[in-house]
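Peer 1: These protein sequence lines are chains A and V, in that order. With the numbering used here as the guide, the letters of the first sequence map in order to residues 72 to 730. With the numbering used here as the guide, the letters of the second sequence map in order to residues 72 to 730.
Take these hints with a grain of salt, some might be off.
The list makes no distinction among identical chains, and a pair is therefore deemed to hold if it is satisfied within one copy or across any two copies.
As the list claims (entries may be wrong) - List of simulated lysine-lysine pairs, DSBU-like, C-alpha gap at most 35 Å:
#1 515 to 284
#2 183 to 396
#3 523 to 88
#4 185 to 523
#5 228 to 418
#6 609 to 213
#7 396 to 203
#8 88 to 134
#9 88 to 515
#10 696 to 596
The set of hints was computed from the structure by calculation and includes no laboratory data.
Protein chains: 2
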Amino acid sequence: MNVESKSFAIGRIPITKTWPSVDGGLFPAKAFSGEVIEFGAIAFREGHDAIAVDLLLTDPKGKTQRIAMHPGRPGLDQWLTKVQLTEVGTYSYQISAWDDEFATWLHNTEVKLKAGVDQELMMLEGQRLLGKMAVAYPKQKKDLIRFAELLTAKAPKEAFEDAMAQGLVDLASATPLRSLETLSESRLVYCERTLAGSGSWYEFFPRSEGAQKDKTGKVMSGNFKTAVASLDRVKQMGFDVLYLPPVHPIGTAHKKGKNNTLDASEADPGSPWAIGNTAGGHDTIHPDLGTEKDFKDFVKAANKLGIEVAMDLALQASPDHPWVKTNPEWFTTRADGSIAYAENPPKKYQDIYPINFDNDPEGIYQEVLRVVRKWISFGVLIFRVDNPHTKPVSFWQRLITEVNAKNPEVIFLAEAFTRPAMMHALGKAGFQQSYCYFAWRNHKDELSSYLKELSQDSADFFRPALWVNTPDILTEYLQFGGKPAFKIRATIAATAGATWGMYSGFELYESVARPGAEENIDNEKYEYKFRDFEGALKAGNSLAPRITLLNQIRKENPALRQLRNLVVHHSDDSEILVYSKHLTAEHAEGKENTVIVVVNTDPHSVRESMVHLDLQALNVAPGFKVTDLITGASYTWGEHNFVRLDAFTEPAHVLRIER
Amino acid sequence: MNVESKSFAIGRIPITKTWPSVDGGLFPAKAFSGEVIEFGAIAFREGHDAIAVDLLLTDPKGKTQRIAMHPGRPGLDQWLTKVQLTEVGTYSYQISAWDDEFATWLHNTEVKLKAGVDQELMMLEGQRLLGKMAVAYPKQKKDLIRFAELLTAKAPKEAFEDAMAQGLVDLASATPLRSLETLSESRLVYCERTLAGSGSWYEFFPRSEGAQKDKTGKVMSGNFKTAVASLDRVKQMGFDVLYLPPVHPIGTAHKKGKNNTLDASEADPGSPWAIGNTAGGHDTIHPDLGTEKDFKDFVKAANKLGIEVAMDLALQASPDHPWVKTNPEWFTTRADGSIAYAENPPKKYQDIYPINFDNDPEGIYQEVLRVVRKWISFGVLIFRVDNPHTKPVSFWQRLITEVNAKNPEVIFLAEAFTRPAMMHALGKAGFQQSYCYFAWRNHKDELSSYLKELSQDSADFFRPALWVNTPDILTEYLQFGGKPAFKIRATIAATAGATWGMYSGFELYESVARPGAEENIDNEKYEYKFRDFEGALKAGNSLAPRITLLNQIRKENPALRQLRNLVVHHSDDSEILVYSKHLTAEHAEGKENTVIVVVNTDPHSVRESMVHLDLQALNVAPGFKVTDLITGASYTWGEHNFVRLDAFTEPAHVLRIER
């Protein structure tokens, strides 16, 4: 084998790494409209001469911009720049590195004039260089020649000072020779709409919203008509997205009763994730919830309030699902001729038939595509995909790619809690965002490292949604942390996460678990819930005002709506977590925006600590003013600051730097 | 732009990473003949079913082997295997991941039989699976059918136990269905000869070897004839390679005198790195050293002793070099018409003209290729390249690639001490090995992290040569550490480095620096040295016996001649460094080989400490026997061991585990 043909040809000026980049360019990096992305390269040359490095960024319309990059920390040969991407579509970029002859001459001249060495020679060298520029830039020829003559018009030091005072550097910047220019390979950045990476989500079960119980205990299900009234509650708290668990007919075979029991009664509504019965399957609205028109009207009503509706896509069937009859080949037939239900041996889940994606991959793919497109035509632009890690990754890549090709506005959220290789592969396959392990990262150290991982290591391909709870997840921290735990978690999720979310009932501090399970007792998955949001609010037993405030703070502080700008700072206490998010004025609608969050992650204590800030990351000098966006209090802060955070009253500072 | 066509298509069973890999496959990974390489992949599938993962390794002759991989640590979806590469040339590999239906069935059957669930059904499922195998493997059909029948011949538990006892697992391993097989991209590993990655090197100046001073102080230069006698000294110490500084005519213009002074006399020999005068340039032997025939004879004499000769390739010229007249375009002409000498403004090096690689890149390239090939024809197969980081990386890539295409046995060593981006790029460009920062990593913590970096992070593209000193480098540690420092450094270099080296005089503890410089006073670069190796040996003032022992230990312990198998262990003391190197019997000529090195890195103290070993990395149980290869003493060791190391007598244990 010929090795020569197998090695990458290193350019005249080596550019050995560029970013953002996912798996060496196998996948485009992710961005969302409004996101600020660091573009970088490792570029260097032999010897001592200077190089310049530029980003050549081509937007989705094909227009290319040349942006000068600046050197990173000494010794690493990094070149960096930050750009805010705005247009939805695919950007491409290349790095250009070139011999900066003017910078080399300028440096050597300054050194030699100071040392009194080669003074005349350096003026002649400058003259020769400006002459080369004059040939390359006919428009600036006159100016360049004037400067060239200036360099030998007087004694060298004086001539040089004159030229500098008259703007030689600016002129030379405008007339770069760019000799030895070397271009990197081209890389892609796929920029999606803002909600793909930044937003606040709320989940409710429409069957509970407006459900009524009569005196006999008989329940009238809530439906899309009654649920419209609940949209105001969601709006008032400031959420962008309302996610609905499956809205399809629910299977009757092996239907689950209250608390996941096996002896459900007629009255039990069943788990909405056991999809399909004789009324229909994934393409059908549950008759209890109303008609297709009711659903469309509900989506429209939400949109009118500025709320998008996300639908569940749970690819599995109840034994009553129409697919079982029409396409038994989409399931696994066992050696005894029966259809295989879900199992994790020896556990059995007889109410669920998993789909077998290998018997008729094309047939099942086309059916799922049909279902997804049906709901898109109903105005649904967001799908929360249930357990995507139990289906082939290649299936998702094909589906998301094809859906996005026609509808780039459609967002898929992966509900996967599994090993990192699978979590990350789903992101690379195209999922716009992913549930993550945030719910189980509760204390300072684990949060510090996890937030760093999410905002830096994996941000090019994995967009985390920081959910504080779900119908499946009521963590021990929430079970045993009392009301302070709920306040702490909401504050961190809303400020650390570009995307955060919560499931209905969180604002009521619902914290009792089904024994032995990490989820709520009397779980809404198996029954109707009757929650008195108004009453709790009046009694002062609701977190809703805090949630409203947090979403308000997010809206007013664009830095908080970014993923990649999170910086963790140091504190002396083992539970005082400190992080900040910063945006330059250029990237924050003209007004520099910096928020520092200091949280006591121990819901059982009052903590005092010194907090040590990296002022460079905040672009601020000691003695700066901050306003606490929770209490309204003002402080003057510096590099080292004292805090006292009482989990029982107020566990967090959310401080905006006043400029 | 169409995003669809730009994303890598994820396979049915995702394989998201494979190694070894350099920059996502842009460059082949490096290996040397005899090196043990870990091949790995991240591969996983949806749901709970089992997969199997194989390495498909194709040797340079085109023969492909399928090697089963084993899972790595839980949760990481890593699959691993170690292979010892032996043939020089380019290997390629792919990873194959497939649905392991038999493993899935076996696991489920064991669980269900234990739980008393689906027992008959699982036997039927097994029967169906064996039937499928029988179709795929006609040769084993009879056996497979027999086992299939066995599964339903008795009650399930009993039938299953029978089948297991009769070898069902072995049969199934031999008849894998490999459904859903997915192949990774192909990657290359370039395997070079052993000395490219593993060996011990010695440097001397031939002009000093046999040089004689008469009573008037006049010196008769040593030469290739007199230097032949010194080969025995090199051989006795056990070195594989003898590296010679440049052997070409030395320039007279601006010739350097003793201690780098500017007023050299006729009698001063000058620096051999100021290459070229009227007698010739890079293609010429210095007349003082003899004729081309003398040089050839010297190389042959060395080879006869099993020593290879490495030549210097220093691409620069003295002002007297023939190139200056024949090809002035290979240098830089300044604005005043003069040729530019080397500078680091305001410092001037007027005895050296650097080559300008951009004026006539093709001309200079062909000339260098001619020079290199001339010396190859003289039997030189190793070139130590002086300051490669001041020449274009692309030049080296082209040169090394073209030379190796015809002469894959030729080795280039990069003498670059600079920023990591350049050091690493030179390795990727093709340099077989590189000087590194070992000389300046002297204490436990810095050695621990640097040895980890060298043996793990960068081993695929950067092969470090651990030199204890050079004519340019006499570190503060050696200047001020006394004899213990020399012993400590030699011991670490010889055991931690697959390649190590030293410059003549190290064995005599030469430790006086030129004031203000990090190199020896009365440096051999500018004068002849008259060293009494024999006398020092007799007086007990020579490190030569220790060096001989260290090279002997290397020869007897193949684990020490590997780069990637170094594991750092913990000690309680801040200066007690502990590392081990291990090879399985399969990779060490049939005899498992493990060496543990414990060194006191403080040359001024006696230290006592507990040493805590990772026994898994040593493949040993507590209570194992070790022999100290330095003292011959035997110990019984376990996980936690006491050591006492006296820098003034013996600063190190080099312990071989006795099996």
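Peer 1: Does each hint fit the structure? Answer for all of them.
Peer 2: Results of checking the hints against the structure:
1. 515 to 284: Intra 44 Å, inter 73 Å, cutoff 35 Å: neither.
2. 183 to 396: Cα proximity of residue 183 and residue 396: across copies only (29 Å, versus 88 Å in one copy).
3. 523 to 88: Intra 21 Å, inter 22 Å, cutoff 35 Å: intra and inter.
4. 185 to 523: This pair counts as neither: shortest intra-copy Cα distance 46 Å, inter-copy 45 Å.
5. 228 to 418: between (87 Å within a copy, 19 Å between copies)
6. 609 to 213: neither (78 Å within a copy, 79 Å between copies)
7. 396 to 203: between (80 Å within a copy, 27 Å between copies)
8. 88 to 134: both (24 Å within a copy, 34 Å between copies)
9. 88 to 515: both (33 Å within a copy, 31 Å between copies)
10. 696 to 596: neither (48 Å within a copy, 62 Å between copies)
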